[in-house]
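Generate coordinates for the entire structure from the input sequences, incorporating the hints supplied.
Protein chains in written order, with the numbering used here: chain A, 4 to 245; chain B, 690 to 967.
It should be emphasised that the hints constitute simulated quantities derived from the structure, not laboratory data. In this text, all values refer to a predicted model and were calculated from it rather than measured experimentally. Backbone N, C-alpha and C define an ideal beta-carbon position, used for all residues, glycine too. One should not assume that every hint holds.
Stated by the list, open to error - Residues of chain B placed beyond 12 Å of chain A at every Cβ, according to the derived structure:
hint, residue
1, 740
2, 768
3, 887
Claimed, not checked - Taking lysine to aspartate or glutamate and the EDC-like style, the derived pairs with C-alpha atoms no more than 20 Å apart in a straight line are:
hint, chain 1, residue 1, chain 2, residue 2
4, B, 737, A, 243
5, B, 939, A, 243
6, B, 926, A, 214
7, B, 819, A, 214
8, B, 926, A, 189
9, B, 901, B, 728
10, B, 846, A, 243
11, B, 839, B, 776
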Amino acid sequence: MKPFDQFDDPRRRILIQALAAGFFSTPWGAAAQSVFGSAPRRLPPGQSIYRTSGRVLVNSREATLATPIKPGDVVETAPGGELVFVLAEEAFILRGDSRVVIENPPPSSPLKTALRLATGKLLSVFGRGRPTRIVTATATIGVRGTGVYAETDPEQTYFCTCYGVADITANNDLQSKETVAATHHDRPLYITAKGAAGERIRRAPFINHTDQELMLIETLVGRTPPFVFPMNDYNAPRREYP
Amino acid sequence: MLPAIAHGADAEFTATILEASFTADNNVSRSSSDEALSDRFLGVRASKGFVLPVSTRTRAVIQAFAGGERFGTYSGLSHAFLGGQGDFQFRSSGEFAAASYSLYFRTQAEYYDSELRDGYRHAYGLSVLKPLTDRMQLFVAIQQNIGDGKSTVFDTKSTSLRGNLDWSLGRWDTVYLGAEYRRGDIVSSGTQSLARINVADALVQDDAFTDKGYIAYRFQANTGLAALGYNHAFAEKHSLDLSWRYAQSKPLHPSAYGSESDVRYTVSQLSLAYLMRF
Chain A
4 MKPFDQFDDP RRRILIQALA AGFFSTPWGA AAQSVFGSAP RRLPPGQSIY RTSGRVLVNS
64 REATLATPIK PGDVVETAPG GELVFVLAEE AFILRGDSRV VIENPPPSSP LKTALRLATG
124 KLLSVFGRGR PTRIVTATAT IGVRGTGVYA ETDPEQTYFC TCYGVADITA NNDLQSKETV
184 AATHHDRPLY ITAKGAAGER IRRAPFINHT DQELMLIETL VGRTPPFVFP MNDYNAPRRE
244 YP
Chain B
690 MLPAIAHGAD AEFTATILEA SFTADNNVSR SSSDEALSDR FLGVRASKGF VLPVSTRTRA
750 VIQAFAGGER FGTYSGLSHA FLGGQGDFQF RSSGEFAAAS YSLYFRTQAE YYDSELRDGY
810 RHAYGLSVLK PLTDRMQLFV AIQQNIGDGK STVFDTKSTS LRGNLDWSLG RWDTVYLGAE
870 YRRGDIVSSG TQSLARINVA DALVQDDAFT DKGYIAYRFQ ANTGLAALGY NHAFAEKHSL
930 DLSWRYAQSK PLHPSAYGSE SDVRYTVSQL SLAYLMRF
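Written out as structure tokens, the structure is:
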């Protein structure tokens, strides 16, 4: 007898069969999902990718919805591309023109996940009790049970602790370090490659990521973010007829 | 005394939103087709809100707004407005697909170049905002509208049911579709005719169209509205918005005299707006 949480879900069976058959890899299936979107739900075991757009490479090979992503892989997006994917209890949105290396922490390490964001933009959510390290061009960040957003280039890193706790250190200046405990994007930061010792971390505005995106990727790993109301970023007028 | 604030949710101001728009309207007089007067107008609007968490799942949002519209030809329609809106919102959880419910009340004062139109406009209603997919979002509202003008012709009441579907084409582009059904009082302007006098609940010589000799008359009508818009965001806090709106109004109780076409009208509006938030 199967435990309650292992009962076969017919939708999951159909989805896995469709993935195996390459349904979403067909131009029709991918186009329909890309145009109208889909209602996000927890990804079934064995599926890593929720959505792709533009050119996306995993280990230098073109990715499809059926491509698995695992520790040790290198994931890249072309300009204008995007990848939404899951790795164990973590979920990510990798924006265009980005490159991330998913490292394989040694078994003796307390880290569950280690990421090296070489360039580009990455929104991430991590499971509770799963210490994680993110290394960017200018910063090393330790996070615990957190949603975070990072953008990096050789000169600086933008880092927002959307919620949870993050320990941030400038790569070239160990005196520049800060711990952020945030509930809702409380303290976005820039971490620069240059600057006086102890002064390479400074306040930044809230940019380039949304609460809707955090809710989306938390859903893919069966969780919800700690906030209930998203910040409204709708920018179109809803005029009323007088 | 302020209500207790839920852990992790602080009272805060929302972004300030500024909007500047240009609109071409083929029937600013809301007249039957043979008497329709077209015009163009520039609009500006600024708004700022304050969010006050009440509990984990509820919050109050208070917003103040002000602005105006300047018409090119029919200056009597030019006006300034100042108002506020209060929302009490509920959302069951932070799940992606959870709907947000809002009870709201809005009031605004309007100061026209036409004295007859000066007055107040109020609205209250219930709205629901629900993500359907990761690209589509549905907004539905039922609303009661109340107009309180200096002239009794502009004292109006109507009920509306409206829906809006936002369809995100990507991170920066949104197409939106809107539809509305409104039942109740509307005001139209035109020359005097038996059909208009017969259908009118109130009428007055319209001071916005004096050179045309139009009367403004209020009557009960069914009004249908449709909107199609495209919003392109750029540089995170700026967006450009192009929209088209169409409205058609027909009398609820046809006139015993003359033709129904004397008291029905259609309106087509094309707007280009620039929005900025900071």
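Proposed proximity, residue 243/A with residue 939/B (alpha carbon, max 20 Å): Status holds; Cα separation ~19 Å.
20 Å limit on alpha-carbon distance, applied to hinted pair residue 926/B and residue 214/A: holds, 16 Å
Exclusion check [residue 887/B not at the chain A interface, CB over 12 Å]: holds, 25 Å
Satisfaction of hint between residue 189/A and residue 926/B, Cα-Cα up to 20 Å: holds, 19 Å
20 Å limit on alpha-carbon distance, applied to hinted pair residue 846/B and residue 243/A: This hinted pair holds, its Cα atoms lying about 15 Å apart.
Pair hint outcome, residue 737/B versus residue 243/A [Cα-Cα no greater than 20 Å]: holds, 18 Å
20 Å Cα cutoff - pair residue 819/B, residue 214/A: holds, 14 Å
20 Å limit on alpha-carbon distance, applied to hinted pair residue 901/B and residue 728/B: Since the Cα atoms of residue 901/B and residue 728/B sit roughly 14 Å apart, the hinted pair holds (cutoff 20 Å).
Chain A versus residue 768/B - minimum CB to CB distance exceeding 12 Å, so not interface: violated, 10 Å
12 Å Cβ clearance of residue 740/B from chain A: The claim breaks: residue 740/B does not keep its Cβ more than 12 Å from every Cβ of chain A (closest is about 8 Å).
Distance restraint between residue 839/B and residue 776/B, which requires alpha-carbon spacing of 20 Å or less: Violated - the C-alpha atoms of residue 776/B and residue 839/B are around 28 Å apart, more than 20 Å.
Consistency with the previously given hints fails for numbers 1, 2 and 11, ordered from lowest to highest.
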